[in-house]
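**Q** In our numbering, the protein residues as written are 129 to 214.
Simulated from the structure, these hints should not be mistaken for lab results.
No experiment lies behind these values; they were computed from the predicted model shown.
Hints may be right or wrong, so weigh each one.
Unchecked claim - So the derived label-pair ranges between C-beta atoms look like this:
1. Arg213 / Pro155: 22 to 32 Å
2. Arg135 / Arg211: 16 to 26 Å
3. Gly163 / Met186: 17 to 27 Å
4. Arg213 / Thr172: 18 to 28 Å
5. Gln152 / Asp181: 28 to 38 Å
6. Thr156 / Arg213: 16 to 26 Å
7. Arg154 / Asp179: 25 to 35 Å
8. Arg187 / Arg213: 31 to 41 Å
9. Arg213 / Pro193: 31 to 41 Å
10. Thr172 / Arg212: 13 to 23 Å
11. Arg213 / Gln147: 12 to 22 Å
12. Arg212 / Thr156: 27 to 37 Å
Ideal Cβ positions, reconstructed from N, Cα and C, are used throughout, including at glycine.
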Amino acid sequence: MPTEPLRRDPDQLAHLAEQVFERQVRPTLRPEDDGKFVALDVDTGDHEIDDDDHAAVMRLRNRRPKAEIWLERAGQPTAYQMRRRR
């Protein structure tokens with residue numbers, strides 16, 4: 129899958145994504161979306177929600193091939209957690 133080069137640095141992208149998520153996505157989330165992945169086009173606010181991160185990104189990418197996509201997890205502070213195995 130070809131990817132578009134980033135138009136923003138990671139800090140700008142994160143800041144914009146947070147604003148768009150809070151304004152356009154969070155009000156549409158339902159309790160059953162908690163823990164699901166949200167793929168967000170930071171320019172348009174268009175988004176996809178799915179239990180599978182890849183499925184959400186691919187559906188959004190099919191509609192918006194040039195989107196700068198930010199991935200979040202509804203109701204969670206981060207999309208992924210890295211844990212050390214003991």
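**Q** Are the hints correct? Go through all of them and say.
**A** Now for the hints, and whether the structure bears them out:
1. Arg213 / Pro155: 22 to 32 Å: 39 Å, violated
2. Arg135 / Arg211: 16 to 26 Å: 33 Å, violated
3. Gly163 / Met186: 17 to 27 Å: 19 Å, holds
4. Arg213 / Thr172: 18 to 28 Å: 40 Å, violated
5. Gln152 / Asp181: 28 to 38 Å: 20 Å, violated
6. Thr156 / Arg213: 16 to 26 Å: 37 Å, violated
7. Arg154 / Asp179: 25 to 35 Å: Violated, since Arg154 and Asp179 (Cβ atoms, about 19 Å apart) do not stay within the stated range.
8. Arg187 / Arg213: 31 to 41 Å: 32 Å, holds
9. Arg213 / Pro193: 31 to 41 Å: 38 Å, holds
10. Thr172 / Arg212: 13 to 23 Å: About 38 Å separates the Cβ atoms of Thr172 and Arg212, which means 13 to 23 Å is violated.
11. Arg213 / Gln147: 12 to 22 Å: The hint (12 to 22 Å, Cβ to Cβ) is violated, given that Arg213 and Gln147 are roughly 36 Å apart.
12. Arg212 / Thr156: 27 to 37 Å: 36 Å, holds
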